[in-house]
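S.K.: Since chain D is already given, all that's left is putting chains F and V on it; use the hints.
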Amino acid sequence: MNARALGAGLLAALTLGSLVSPAPADEPEKSPRVEAARPVSIADVAAGEAAYLVIHRVLLSPRCMNCHPSGDAPLHGDVAVPHSMNVSRKSVEAGLVCTTCHRSKNGAVPHSPPGVTPEWRMPTRDQPMVFQGKSPHDLCEQLKDPARNGGKSLSELAEHMGHDPLVLWAWAPGPGRSVPPIPHAELARAAETWTHAGAPCPK
Amino acid sequence: MPNISFFVNGRAVSIDAPEDTPLLWILREELGLTGTKFGCGMALCGACTVHVEDLPVRACMARLGEVAGKRVLTIEGLGQNGLHPVQEAWLEENVPQCGYCQSGQIMGTVALLRKKPKPTDEDIDAVLSSHLCRCGTYCRIRRAVHRAAEKMGGTP
Amino acid sequence: MSARGPEATRRDFLKVVGLAGGTFALGLELPGCSPKMPMAAGGDFAPNAWIRITQTNRFLFALDRVEMGQGTTTSHATLVAEELDVDPSRIEVVAAPPDRAYDNPELGFQATGGSTSLKSSFMPLRRAGATTREMLRRAASVAFGAPLAECVAADGEVRHVPSGRKKTYGEVAQLASTLPIPENVALKDPATFRFVGKRVNRLDARAKVDGSAVYGIDVKVPHALVAIVIRSPTIGGKLVSFDPGSAKTRPGVVDVVRVPSGVAIVAESYYRARAAEKDVTCTWDAGATMSTEVLRKAYAERLERSADVVASHGSIGSGMAKARHVLEARYEAPYLAHATLEPQNTTVHVRENDCDIWAPTQAPALTVEAARRILGFSRANIHVHTTCIGGGFGRRLAQDFVVEAVHVAVAIRALGRPVKVVWSREDDTTNDPYRPMSLHSVKGGVGEDGKISAWSQRVVTQSIVGQVGREWAPVLLPNGAPGIMKLAIGHTAGALFGTNATTDPSSHEGVSDMTYEAAFGAFRVEYAPVESGVPVGFWRSVGHSENAFIVESFIDELAHAAGRDPLEFRLAHLAKGSRARAVLELAAEKIGWKTAPAKGIFRGIGLTHAFSTFCAEIAEVAVDGHAVSVKRVVAAVDCGAVVNPDIVTAQIEGGICFGLGAALKQAITIEHGRVKETNFHQFPLLRMNEMPKVEVFIVPSKEDPTGVGEPGVPPIAPAVANAIFAGTGVRLRRVPLLPALAEALAARSGGAKERR
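Residue numbers (the numbering used here), protein chains in the order written: chain D, 1 to 203; chain F, 1 to 156; chain V, 1 to 756.
The set of hints was computed from the structure by calculation and includes no laboratory data. Quick caveat, the model's predicted, so the values are computed rather than measured. From the three backbone atoms N, C-alpha and C, an ideal C-beta is built for every residue, glycine too. A couple of the hints might just be wrong.
Computed list of lysine-lysine pairs in PhoX-like fashion (alpha-carbon distance at most 20 Å, straight line) [stated by the list, open to error]:
(1) K115(F) with K90(D)
(2) K134(D) with K203(D)
(3) K676(V) with K590(V)
(4) K198(V) with K693(V)
(5) K322(V) with K297(V)
(6) K70(F) with K105(D)
(7) K631(V) with K594(V)
(8) K118(F) with K70(F)
(9) K90(D) with K118(F)
So these bits of chain F aren't anywhere near chain D, every CB distance computed over 12 Å [stated by the list, open to error]:
(10) P2
(11) S14
(12) I15
(13) D16
(14) C60
(15) G65
(16) R71
(17) Q80
(18) V110
(19) S129
(20) R147
(21) K151
(22) G153
Next comes chain D alone, as it looks inside the complex:
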């Protein structure tokens, strides 16, 4: 059930870095996070676009997408049904936090709530980081935009995809849950390739 959500959360964490305090992109202290300009070849761009498509497949896998839904309710399972307990961002705002059930480890049996440290969560209402239903181009643009990704620089994005426990969770989602279609190491490489190429987005 929440394995999906977990996956989604992972991705979210991956892409968002800190969801808790996204800074507006136009704040001056943000500017140092912009990558230094660096020559990028046409081949790099092509490789970067291809790498993004790898990343995209992961982002839209249930483990990642379920916590990045188009609505306010996280999704369950591999069929993307809304959380069966009427759980949504409204629940969190009203005192039912994700960690009420999603604790530090996955539940031991299928359909028990997945969990991970540091913390299970969804993107905030202000920066919902929707993956569900997004085209590769649109999601790519969203992913690299610090105004929409929780203020992450490209290198922070790569770091997030490569090492964040919430991201890594997707490949260890607990019993009964599918994992993303690509091994994590491949995602990490794709993230490096993409960000090194200046994060080009497919048309």
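M.R.: Chains F and V only, in chain D's frame:
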């Protein structure tokens, strides 16, 4: 294995049990706090809801090791100076039938009112739909939540 | 109603409740449902099995209909309080121990079920209270040395009216206990009732909101062990062998033992036992191999074979011939689990010649019998303590969980320690005596006059009574089998009793006696029992739980076929002035049937007469594309004279919730002998966001009171199905409705896809 210490209802306790033991069974069997109920064992019913550091937690999913050094509040500790207004509202609306889910419903409601002192029906559904009642007391729970909010005068 | 008054069972409370000494001697308390009983003291006044007044002016009442949420604590104490003339809040309720003095005259033994509690206790408890009060008044007359006519007993006091002298009931208790028990004491005129018929707050609520109520699973017996049992993964599978592996070396694990139902891991605590589960390897035989899909086919075949006629009038052939519209349909209902929120459990302490059993049982008499058959002790040496019950719904009439716990206790008897056997949710869901699956074929005709000219129905299902009769017979037989159980057991369990048995009324209740049948030109109901090997049991509202769905849906089909308004069509088949008609009219008036509902909202009706109570429910369902949700339900109920209107309302609300969860979402399915659903993700209960607004209206009545624990359940499924039909044009003939609707809508939009 070293004992794990935490606070239950304001009292310091120290438990010698594996750290992955569900908090639920520590409360019920080691500490005798049976007001926290076992319903499903996988966070599907909410009957085992307690508070850890003022946030609601399903005690069947929380492991003993996770609460080391933390403050745990159970139904027994809720109204230490008489009944909590939520409990009073429950009595006034004659909510319980079999009563088995009500500890969890009440703990969930206290957490709700802390964040939403004047909850709408939608707020109530957003939090308490994660708590099952087999007897079907939902109509009354909803009324009792509103009543409790009134009693508490909108102060979280 | 039983004519048995307290005088007929001059069994004093002291002696009977004194048997509970096993508990009290251990110094245990069972708050909430059974507060600690003070040790019997000389001079207490206990004129019957239910009431004891102490010299310290405490009013103790032994509740012999278990409290499982349905409100017996409050309603029954109120009856006693009313006639005693004390405030109900002053009554201390204790759970009655097993004793024939507490037999339920409607069932024939000490049990709580069939919505019989008020019906069976209304007069006996009033008589008990009134007789007690009269004796207190007579004691006052002696104490004051005044003529009886000058003495009154009211509001917890006896008074000598002319002098104004007064004493508490407790002060004259000892004196009262020496007086003869009068017969035929006058009861209060209902017009003077102070508590009966009014809202009295639940007496059991306090312990249920502060966490102090002790359910079976909470019982703390000193030195008790805790056990879990690993059971066969298939229905009826038997253990071939087992290997405890390293389980016994785990800290806290005491033993791993074989019991008839499987392998018990006995430990110092539940979590220690559960942690060792994976260490134990069990080998099972094949067990059962049935599957729901195969059973459905078998049921369909059974439908074509012979069946017993269980109700009939008129000629179906000529009735159908006369009809202008003839419809034929098949309906299905699945197995369902009880899913009490408190999983099954029992604590047992077996000693040399006697034992204590703490159990959330609906039938203490059956609990004693279950233990007696294993232990061979005399009934008097089996001390059963009924705890708070975390939901009953018929589940805890079955004693499988008690039997298993007794076996575990026997297996570890040498340790000399009590043991509590606790089931997990998975254990509970996969080892339930399920509500039986059923298949119905039904054919009806409507004549030119808009009336049903013929109704013919065949019911294929499993007999519950046929199965449980074996368990119940030894308890029933000593007493004969009075009341409804005589009816029920007399037939299907006939082989058992050596009588001619052909039917189980609980299988076709609500069909063979449907509310409208007298108005039909011809009527025939046939019953075709089947055996499936799936354990079945009484599930809140029993046969009505599925039969109302079929009858009330099909009558809706006939109404639509005849172009009639579903309300008017039903009313045309209900006698003027009848109670069934009155509840339907009341519900229709309150929901404003004559006024169209808001856009996107559709209405449906369900009406049943079950357990002697009449209940109409009209549902308002929102239809938005493929999504349906139940927004509002108006219910009208006639349960005779009302003892506590708030509890009646609560039971109807709860019945609607219970019935709606089943109607929309629930089914137990079996694959290769295994129950597929294990926990609430697969057997989903209704959640708060799915709960409609419910308005309950009670028909004022002076008839004898009847039960409300079950009658709220049956009408909601058809009410919702009929509303879905009104909103979508899809007639759902199978529950649960949501998957059936999704399937129907997908099939319907098959053509639409091509257009896209």
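S.K.: Evaluate each hint against the coordinates.
M.R.: Results for each hint:
no., hint, in the structure
1, K115(F) with K90(D), "holds (11 Å)"
2, K134(D) with K203(D), "holds (13 Å)"
3, K676(V) with K590(V), "violated (42 Å)"
4, K198(V) with K693(V), "violated (23 Å)"
5, K322(V) with K297(V), "violated (33 Å)"
6, K70(F) with K105(D), "holds (18 Å)"
7, K631(V) with K594(V), "holds (19 Å)"
8, K118(F) with K70(F), "violated (28 Å)"
9, K90(D) with K118(F), "holds (14 Å)"
10, P2, "holds (19 Å)"
11, S14, "holds (21 Å)"
12, I15, "holds (18 Å)"
13, D16, "holds (21 Å)"
14, C60, "violated (9 Å)"
15, G65, "violated (8 Å)"
16, R71, "holds (15 Å)"
17, Q80, "holds (21 Å)"
18, V110, "violated (9 Å)"
19, S129, "violated (4 Å)"
20, R147, "holds (17 Å)"
21, K151, "holds (18 Å)"
22, G153, "holds (18 Å)"
When the structure is compared with the earlier hints, violations turn up for hints 3, 4, 5, 8, 14, 15, 18, 19 and for no others.
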